[in-house]
Amino acid sequence: MEVFFSLAKVVVAFVIILQLTLILLWVERKGSALIQDRVGANRANLFGGLLPFNLGIVNTWMADPLKLFHKEDIVPADADRFLHWLAPFVGIVPLFLTFAVIPFGDVLKVGGFTIDLVAAPIPASVLFVLAMASLAVYGVVIGGWASNSRWAFLGGVRGTAQMISYELALGLAIVSVVLTYGSLDLQAIARAQGALMWGVVPAWGVFYQPVALVLLFIAGMAESKRAPFDLPEAESELVAGFFTEYSGSKQSVFMMADFVEVAIVAALVTTLFFGGWQVPWLGREGFHFPGGLDIALPSLVVTLLQIGSFLLKLFIFCWVQILVRWSLPRMRYDHLMAFGWKRLLPIGLVNLVVTAVFVLAFEGWTVR
Amino acid sequence: MEPYAALLASFALCAVVAAILVCASWILGPRNPTATKLEVFETGNPSSGSLRGIRFPVKFYLVAIFFVVFDVEVVFLYPWAVVLRQLGWAGLVEMAVFVAILGAGLAYVWKAGALEWD
Amino acid sequence: MNVPVEFPLGLAAALFAIGAFGVVFRRSVIVVLMCVELMLNAVNVTFVALARELGAMAGQTAVFFVITVAAAEVAVGLAILLVAFSRRRTLDGDQFASLRG
Amino acid sequence: MIAFWVVALLAIAGALVVVLHRNPVYSALGLVLTLFQVAVIFALLEAPLLALLQVIVYAGAIVVLFLFVIMLLALEPEKRLAAPFPVAVAGLVLAGLLGFALAAASTVPLAGAGQGALPAGFGSPESLAASLFGAHLLPFELTSVLLLVAVVGAVVLARRRS
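Residue numbers (our numbering), protein chains in the order written: chain A, 838 to 1205; chain B, 30 to 147; chain C, 291 to 391; chain D, 54 to 215.
In short, the hints are calculated from the structure, not lab data. Among the hints, erroneous ones may be present.
[As the list claims (entries may be wrong)] Restricting the straight-line Cα-Cα distance to at most 20 Å, the calculated cross-link-like pairs of lysine to aspartate or glutamate (EDC-like) are:
#1 K946(A) / D1171(A)
#2 K88(B) / E145(B)
#3 K88(B) / E839(A)
#4 K867(A) / D901(A)
#5 K946(A) / E31(B)
#6 K1179(A) / E31(B)
#7 K140(B) / D901(A)
#8 K946(A) / E839(A)
Since we're looking at a predicted model, the values are computed, not measured.
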């Protein structure tokens, strides 16, 4: 029974991320169309166009993958065939795997079992996320090299340098949060955010670590290599950067990796700064409003509310990233590197020291 | 070991799905390669050649070195962040010395102009 | 999962031997550096295995320092290698017999 | 146990790729494979924190540095892989002896080994930090000097080159 629940959680976490990427692809198309005053994807239909309406999300959910899977898989003549295949594979597996440690709910109580709603509740899951993020570099660097094309290579090297530069700021932002909650476990951090400050405000990370939130959001967007940080794949300079020489499903895997990264950034922002699956004032037995009003709820309803809350927050922060992508122009490469090393890194260090002083000087500053 | 078994199951699932995704075109797609198709794509211009003999500015490499060094620094911060409350002010001082020395390193590379991209 | 301590130690011995062989066998300095990393990792495995066997955290702490030293070694080692390459246009270790710059 | 054997064989396979492959890029990827398996072994041996740090620092940073250098120098697969034949044989014998000696040494019983259960929280971040910032404080502070020297050295060397 235990094994069954474990496997079910694994599948649920995976399905969440897989579906989210496909939905995001559609949201991005329709969202960019909205911003640019176009109609956007509207051509999917069934039975040779006999339906009177188009199928909306089915465009990218079904039709697009199917179309891409039926394209020819072209490998350039001088390319290293094995590495050319390996690059998208190692690019996406660590990203998918990240979601195994993201908590998507508190606990589910079924028939005497209390199930922790995180697919793989390993200790130090914060570090696991970082480890997987640092492995994602390989898809870029191998993809750029294996194609044996100068432009793909330039895109790959640029991308790698950018990703490693912003990984430091990402790490420092996360250390500040770890310091605030005193734990390396994402589920423990999410649970700690259920407490209340002064009995009223939820103890979410955003109130303790606003600077770290900004750092993490910027660094995370730079990690995902999307505008305004899309220099590795700057269309007007480098064709499509490190995946210029990819076609068909391999190319779609690289595109998917972008969206998985968006989802990971959103999941980190949600879990570390916005309470994860927490609904304000909702405990395991129901709502406890600050005024003294209590509403008891069945455990299953509470769990569903929490999962819904997690998905909603996740989706909101994905949407914010899509908005940013379609609003801001691309940065210049020297500005990009200078910004990472000369601004974000020192700010992260200062924020860390200030946090440490706060943690020590004000005992009751954080909830533990 | 239970969490690790779940992680292993996750990994297996991810790897299988990723492999299917990556290979889908190879299985489902057509295959009629031509010489032009197999050239590297440079927006229709004649190819500027392979990677042979291409060398990069040393700056990219320096960035990677800085990353290695500061990444190790950040790695030391994680266990410290968990136990700072038990260590107290002494812990803060210990880490402040460590960070200050590496901060001097950052200041040095900054002043040396190794972070400039022109 | 209780692996007897002999198994990780045996694995470490194998890794160390392969690394040592590579250091002697390969000409390319960069691969030799990788082999040194292999040997360091073999040592790390023994540290962690014995730390568990003896119930002493000192072993795991030592791994921390080994990783740090490895990072510093690689950073400086590869920097030297770059300088050497730009002078001799080769990475063949046998060509670096003279250290005079 | 099965997990250990699979991991060990993969680790050795990766190590052999490092040593024997002509293309340095493959060598680096073989190194990643081995490092990753070593991380899994850390996790099996009650060191989950070290396992993750191993991946972050080694696979995420050090091997990326190797790959950068290989790619920046545009290294080609080597035409002559090996040292001269006698040297290769000598290396093989040496490595064999070394491996045999180490393996033999690992069967010697340890004083104070296997005293039953591990202390509570063994391998947790708390215990690691207690050891790192308690008994081993001086080496910890010295590593920062080491890293500082590495940064400065790298910058100085890179300037000499240009």
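| Earlier hints that do not hold, by number | 1, 3, 6, 7
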